[in-house]
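Protein chains: 2
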Amino acid sequence: MTAQNDRKYLEQAIALAKQGVKEGAGGPFGCVIVRDGQVVGRGWNQVTSSNDPTAHAEVVAIRDACRNLGNYQLTDCDVYTSCEPCPMCLGALYWARPRRVVYACTREEAAEAGFDDAFIYLEINIPPGDRKIPFYHAALDEAAAVFRSWKEKGDKKLY
Amino acid sequence: MTAQNDRKYLEQAIALAKQGVKEGAGGPFGCVIVRDGQVVGRGWNQVTSSNDPTAHAEVVAIRDACRNLGNYQLTDCDVYTSCEPCPMCLGALYWARPRRVVYACTREEAAEAGFDDAFIYLEINIPPGDRKIPFYHAALDEAAAVFRSWKEKGDKKLY
Chain A
84 MTAQNDRKYL
94 EQAIALAKQG
104 VKEGAGGPFG
114 CVIVRDGQVV
124 GRGWNQVTSS
134 NDPTAHAEVV
144 AIRDACRNLG
154 NYQLTDCDVY
164 TSCEPCPMCL
174 GALYWARPRR
184 VVYACTREEA
194 AEAGFDDAFI
204 YLEINIPPGD
214 RKIPFYHAAL
224 DEAAAVFRSW
234 KEKGDKKLY
Chain B
84 MTAQNDRKYL
94 EQAIALAKQG
104 VKEGAGGPFG
114 CVIVRDGQVV
124 GRGWNQVTSS
134 NDPTAHAEVV
144 AIRDACRNLG
154 NYQLTDCDVY
164 TSCEPCPMCL
174 GALYWARPRR
184 VVYACTREEA
194 AEAGFDDAFI
204 YLEINIPPGD
214 RKIPFYHAAL
224 DEAAAVFRSW
234 KEKGDKKLY
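Chains as they are written, first to last, in my numbering: chain A, 84 to 242; chain B, 84 to 242.
No wet-lab data here; the hints were simulated from the structure. Be a bit skeptical, because a hint or two may be false.
Pairs involving identical chains hold if they fit within one copy or between any two copies, as the list cannot separate such chains.
Said to hold, decoys possible - Only pairs whose alpha carbons sit at most 20 Å apart, straight line, appear in this in silico SDA-like list of lysine to any residue:
no. : residue 1 : residue 2
1   : LYS215    : TYR204
2   : LYS236    : HIS220
3   : LYS240    : ARG125
4   : LYS239    : GLY153
5   : LYS215    : GLN156
Please read these numbers as outputs of a predicted model, since none were measured by experiment.
Based on the sequences and whatever the hints tell you, model everything.
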């Protein structure tokens with residue numbers, strides 16, 4: 084992968100960001116996913132138009148690429164996104180396992196434009212119960228038992 | 084919200100986790116979302132059955148609740164999940180903005196059952212280029228320009 088190709092695909096991601104805003108889909112974010120020199124997935128932010136807070140450009144592109152590839156893994160794929168992925172999208176990328184991620188704007192530039200990315204990165208390291216949205220731990224035997232059954236299950240599909 | 088109600092809804096989340104595994108939908112995770120004493124969204128892991136790495140119980144439940152409520156915000160909602168949300172789901176919850184989150188198993192128990200949650204929590208704090216999946220920053224004027232246009236846009240819908 085050359086720097087020139089990186090630039091070409093980043094520009095495609097940025098074009099999707101612009102187009103999405105123009106069409107009123109959502110925020111100014113776009114993403115393309117590439118494997119073997121082919122674009123296999125595209126996404127742009129659709130949070131407000133689809134009433135889906137998870138419809139960030141990267142999540143939309145991951146879902147599109149996985150649908151196109153018929154797989155829940157993005158092995159050997161490169162992800163190009165107009166902005167540094169937020170923690171949700173970073174997590175989604177780790178679960179999809181592409182080869183690498185290239186981004187243009189940073190979380191600080193996103194914050195400057197009015198988005199919570201940098202704030203959520205800070206909240207992650209706060210003890211769960213002290214977060215702005217509090218996360219409470221209530222241990223239950225039944226929940227642990229579900230994990231025990233999973234570990235013992237023979238025919239499971241791992242991800 | 085009483086502790087008794089918390090337990091009731093956590094048990095519903097755990098029942099969804101069990102049912103999902105039984106039906107071969109995916110991993111052992113379930114989630115319910117409640118507002119004003121009504122369940123407004125349900126989810127269970129569907130990663131492997133739907134070829135969607137983002138189809139974790141919480142993401143599926145958030146999307147279900149938002150669809151049912153016709154809103155991209157989960158204002159005044161409580162989220163019950165059979166396991167501590169992974170970074171993707173934590174991020175999704177922050178974007179959806181419920182009132183609070185209650186979880187049964189921890190990220191360490193998830194790791195013990197074979198899931199990457201704890202690993203991803205560690206990777207988040209590693210400098211982007213040094214992560215196991217490397218994230219490269221390639222600044223581009225065109226990308227910054229999209230954010231500038233967004234800031235100046237008058238009729239935008241915030242989220």
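A quick look at each hint next to the structure:
1. Taking identical chains as interchangeable, the C-alpha atoms of LYS215 and TYR204 lie at most 20 Å apart whether they share a chain (13 Å) or sit on different chains (18 Å).
2. When the C-alpha separation of LYS236 and HIS220 is checked against a cutoff of 20 Å, the pair qualifies neither within a copy, at 26 Å, nor between copies, at 42 Å.
3. Within a single copy, LYS240 and ARG125 get their C-alpha atoms no closer than 27 Å, and across copies no closer than 22 Å, so neither meets the 20 Å cut-off.
4. Taking CA atoms no more than 20 Å apart as the test, LYS239 paired with GLY153 passes inside one copy only; the shortest distance there is 19 Å, against 35 Å between copies.
5. For a Cα distance limit of 20 Å, the shortest separation of LYS215 from GLN156 across copies, 16 Å, qualifies, whereas the shortest one inside one copy, 33 Å, does not.
Hints 2 and 3, counting from the list given before, are not met by this structure.
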